[in-house]
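Peer 1: Single-letter residue listing:
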Amino acid sequence: MEAVQDYDALKTELAAAANDHGEPHWFVDRRLAAVDDMATAALPEVNRFDIHRWPLTPTDDPLKFSRSSADLLENVPVADDHIQIVQVGQTTYAANLPDELDDQGVILTDIFSAFREHPRLTQKHFMDKIIKTNEDRLTSFHTAFLNSGVFLYVPKGVVIDDPIEIHLVQDSTQDNHPMISHVLIVAEEDSHFSVMQHLTTKGDHANLASCVVEVLARPNSEVHFSSFDELGPNTTTYLNRRANISRDANVDWAIGLMNDGDTFGDFDSELIGENSKSDAKVITLTGGRQRVGVNTRVTNRGKKSTGNILQRGVIMEKSTLIFNGIGHIIHGAAGANAEQENRVLMMSSKAHGDANPILLIDENDVLAGHAASVGQVDAKQMYYLMSRGITEPQAKRLVIRGFLSAVLQAIPAKDVRQNLTDTIERKLENGAEVE
Amino acid sequence: MATLEVKDLHVEVKDDEQNKTQEILKGVNLTMKTGEIHAIMGPNGTGKSTLSQTIMGQPNYHVTQGDILLNGESILKMPVDERARKGLFLGMQYPAEIQGVTNAEFLRAAMNARRADDDQISVMAFLKELDKNLALLDMSESMTERYLNEGFSGGEKKRNEILQLLMIKPTFALLDEIDSGLDIDALKVVSKGVNSMRGDNFGSLIITHYQRLLNYIVPDVVHVMMGGRIVKTGNADLAKTLEKEGYAGLRDDLGLDVELVDEN
Numbered sequence: 001m002e003a004v005q006d007y008d009a010l011k012t013e014l015a016a017a018a019n020d021h022g023e024p025h026w027f028v029d030r031r032l033a034a035v036d037d038m039a040t041a042a043l044p045e046v047n048r049f050d051i052h053r054w055p056l057t058p059t060d061d062p063l064k065f066s067r068s069s070a071d072l073l074e075n076v077p078v079a080d081d082h083i084q085i086v087q088v089g090q091t092t093y094a095a096n097l098p099d100e101l102d103d104q105g106v107i108l109t110d111i112f113s114a115f116r117e118h119p120r121l122t123q124k125h126f127m128d129k130i131i132k133t134n135e136d137r138l139t140s141f142h143t144a145f146l147n148s149g150v151f152l153y154v155p156k157g158v159v160i161d162d163p164i165e166i167h168l169v170q171d172s173t174q175d176n177h178p179m180i181s182h183v184l185i186v187a188e189e190d191s192h193f194s195v196m197q198h199l200t201t202k203g204d205h206a207n208l209a210s211c212v213v214e215v216l217a218r219p220n221s222e223v224h225f226s227s228f229d230e231l232g233p234n235t236t237t238y239l240n241r242r243a244n245i246s247r248d249a250n251v252d253w254a255i256g257l258m259n260d261g262d263t264f265g266d267f268d269s270e271l272i273g274e275n276s277k278s279d280a281k282v283i284t285l286t287g288g289r290q291r292v293g294v295n296t297r298v299t300n301r302g303k304k305s306t307g308n309i310l311q312r313g314v315i316m317e318k319s320t321l322i323f324n325g326i327g328h329i330i331h332g333a334a335g336a337n338a339e340q341e342n343r344v345l346m347m348s349s350k351a352h353g354d355a356n357p358i359l360l361i362d363e364n365d366v367l368a369g370h371a372a373s374v375g376q377v378d379a380k381q382m383y384y385l386m387s388r389g390i391t392e393p394q395a396k397r398l399v400i401r402g403f404l405s406a407v408l409q410a411i412p413a414k415d416v417r418q419n420l421t422d423t424i425e426r427k428l429e430n431g432a433e434v435e
Numbered sequence: 001m002a003t004l005e006v007k008d009l010h011v012e013v014k015d016d017e018q019n020k021t022q023e024i025l026k027g028v029n030l031t032m033k034t035g036e037i038h039a040i041m042g043p044n045g046t047g048k049s050t051l052s053q054t055i056m057g058q059p060n061y062h063v064t065q066g067d068i069l070l071n072g073e074s075i076l077k078m079p080v081d082e083r084a085r086k087g088l089f090l091g092m093q094y095p096a097e098i099q100g101v102t103n104a105e106f107l108r109a110a111m112n113a114r115r116a117d118d119d120q121i122s123v124m125a126f127l128k129e130l131d132k133n134l135a136l137l138d139m140s141e142s143m144t145e146r147y148l149n150e151g152f153s154g155g156e157k158k159r160n161e162i163l164q165l166l167m168i169k170p171t172f173a174l175l176d177e178i179d180s181g182l183d184i185d186a187l188k189v190v191s192k193g194v195n196s197m198r199g200d201n202f203g204s205l206i207i208t209h210y211q212r213l214l215n216y217i218v219p220d221v222v223h224v225m226m227g228g229r230i231v232k233t234g235n236a237d238l239a240k241t242l243e244k245e246g247y248a249g250l251r252d253d254l255g256l257d258v259e260l261v262d263e264n
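Chains as they are written, first to last, in UniProt numbering: chain A, 1 to 435; chain B, 1 to 264.
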């Protein structure tokens, strides 16, 4: 729904802002090429979910860089002894990496520093290998207007036991201040680590969040990625998270999608190498008039690759939730295994939702299965809990928490698990009050 | 002293698949008091579980006639949770599994549900009680951090039902085939748990197929149910007679026109 653009003027404006920002030429060129892509690219396809009228590519807001106040950090657990990077708006407030990891060559920094200081590692990977800038209008917009982000590099053979925390606070204390944030993660051969991301919003102005995560998992690496997404009610969110997974590598996703605003999520695992593995778990809880659409895709390309999808959602009040689970097995991926389960609970007669398994199988020698359901809270579980004296509302919350527990169990830190549990409880209580 | 009275209870259940209703209980009368253990025996398909589920308030069972009174008050219109808070407990044959909710958390929620908001049980008091009962039932502490019944074996589930009984301390416990699927050692443990509850403030209605359980939990009163009615009531010896003569023998003695499901 955007007016016809003067793309040349846009490019001039972007180039000026990017140069002022001190960006390397290669990246400024990428931005300009992305504008050209935008002119022709279409929006991505989302089965049974319409994002055409969403303000996902606001080109009226010029690219600008500003400092966000440290006051907006109040809820972020900044701690020197945690491996963490903390950004508020476009400002990096902490980047804590233990010396021994630094000595081993681990990099944890903001993305623009990485473009300048580590061009060899970023230029060939950023939006050009895992996700391509010209895939659709949202990816090209993302590259063109990028204004914040993180780069994480874990060299060959490095094993990190403690989770690496990425805290990103959207600064919505002003208008025309989109969060266009990119997390690029490169896991070299034989590296093992987990990443815990947390997205929150400060301020109540209506803004876009375009948050992309790219993971390159080299052979025999292991990456556990969890994200707790809590963007605000006035934020329209585009999430794109994708991993390229090489031979014998393993990438797990545990996504607690708890945004309060309209959200389109596109989560994708490309099982490229032989014996590569991915396990994608997504839970969400929608309320109010919120609209949430999620495509979770696993593409099996490598022989004997294994991909699982588990999506569970609870739909309250007048909200809409669409879960598409897409399992694609490419010809030649012999011995591949793809399982998916998509379930939603409808908590209100005015809610709208669906769970759609989509299987595209071009190879004979595979194992593939799916389960999908749209239903109510399990009556047998409710009866059991209530037969012990637990009230109906509390029993409902317990049953729903159980229904959503798959992601809770996959989050490595106990306090984050507790926070996510608390958020689920809060949302359930809010939803129950309105109904 | 508390009383639980079942008066001329008629219950039908609707079969959703065939969309027809069937009367299962056809006029059950039963009165029990705290301090007493009653056993209900009877062949398969005779309505024993229906009786316990109806007393608890399972929504699939519809009372068409008669009443259930707890201390003189009808409970028919009360939802399940309210009946539980009034003192009823049903040890289930097939307990539900609930992921994501630990046994300990569930037990605390159940105990607190019947306490006032300003009188919730302290963590220390809860753990002390829990440890005591785990020891009594020969259960490992790790059971409490596992998710409620999830992945429990049949025997573990039964023990877990009795653990709940001991923690919640209801006035009346309906125990539906708690002996099924238990080996002799587990049966002794479960019986020990139930016996530890015996006293002036506790009554229990034990549903079983077999007399075996009643060697360990000796009942004060034994009822025999057939064809949706209680057809004979006696003392513990009645169970032993049944064990010898079988249900068909009793039916023929009483001259009843009842078809037994398992009869050839």
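FYI, nobody ran anything at the bench for these hints, they're computed from the structure.
C-beta: ideal position from N, C-alpha, C; glycine also.
One or more hints might be untrue.
[As the list claims (entries may be wrong)] Here are some chain A residues the structure puts well away from chain B; computed CB gaps all over 10 Å: (1) Asp29; (2) Ser66; (3) Arg67; (4) Asp252; (5) Lys304; (6) Arg343; (7) Ala379; (8) Leu385; (9) Met386; (10) Glu392; (11) Gln394; (12) Ala395; (13) Leu398; (14) Gly402; (15) Ala406.
[Unchecked claim] Now the stretches of chain B that chain A is said to cover, found in silico as 3 or more residues with beta-carbon under 8 Å: (16) 15-23; (17) 67-81; (18) 241-253.
Peer 1: Hint by hint, say whether it matches the structure.
Peer 2: The hints, checked one at a time:
Listed as a non-interface residue, Asp29/A keeps its Cβ farther than 10 Å from every Cβ of chain B; the least gap is roughly 49 Å. Every Cβ of chain B is farther than 10 Å from the Cβ of Ser66/A; the closest lies at roughly 42 Å, confirming the non-interface assignment. For Arg67/A, the requirement that its beta carbon stay farther than 10 Å from each beta carbon of chain B is met, with the minimum near 42 Å. Against chain B, the non-interface label of Asp252/A holds: every CB pair exceeds 10 Å, the least being about 18 Å.
The non-interface label for Lys304/A is consistent with chain B: the shortest C-beta to C-beta separation is roughly 28 Å, beyond 10 Å. Taking the minimum C-beta to C-beta distance to chain B, about 12 Å, the non-interface status of Arg343/A holds against the 10 Å cut. At roughly 8 Å from the closest C-beta of chain B, the C-beta of Ala379/A falls inside 10 Å, breaking its exclusion from the interface. Distance check on Leu385/A: its Cβ comes as close as 7 Å (rounded) to a Cβ of chain B, failing to clear the 10 Å threshold; non-interface status is violated.
For Met386/A, the non-interface assignment is contradicted: its Cβ lies about 4 Å from the closest Cβ of chain B, within the 10 Å cut-off. The Cβ of Glu392/A does not lie farther than 10 Å from every Cβ of chain B; its closest approach is about 6 Å, which violates its non-interface assignment. Some Cβ of chain B comes within 10 Å of the Cβ of Gln394/A; the nearest lies about 7 Å off, and the non-interface call is violated. Distance check for Ala395/A against chain B: the nearest CB is about 7 Å away, which does not clear 10 Å, and the non-interface claim fails.
For Leu398/A, the condition that its CB be more than 10 Å from all CB atoms of chain B is violated, with the nearest at approximately 5 Å. Once the 10 Å rule is applied to beta carbons, Gly402/A is inconsistent with being away from chain B; the minimum gap is 4 Å. Its beta-carbon lying about 8 Å from the closest one in chain B, Ala406/A breaks the requirement of being farther than 10 Å from that chain. Counting residues of the region 15-23 of chain B whose beta carbon lies closer than 8 Å to any beta carbon of chain A gives 0, which falls short of the minimum of three for the stated coverage.
Check on the region 67-81 of chain B: 3 of its residues sit with their Cβ under 8 Å from a Cβ of chain A, so the three-residue criterion for coverage holds. Coverage of a stretch by a chain is defined here by at least three residues with a beta carbon nearer than 8 Å to that chain's beta carbons; for the region 241-253 of chain B and chain A the count is 0, and the condition is violated.
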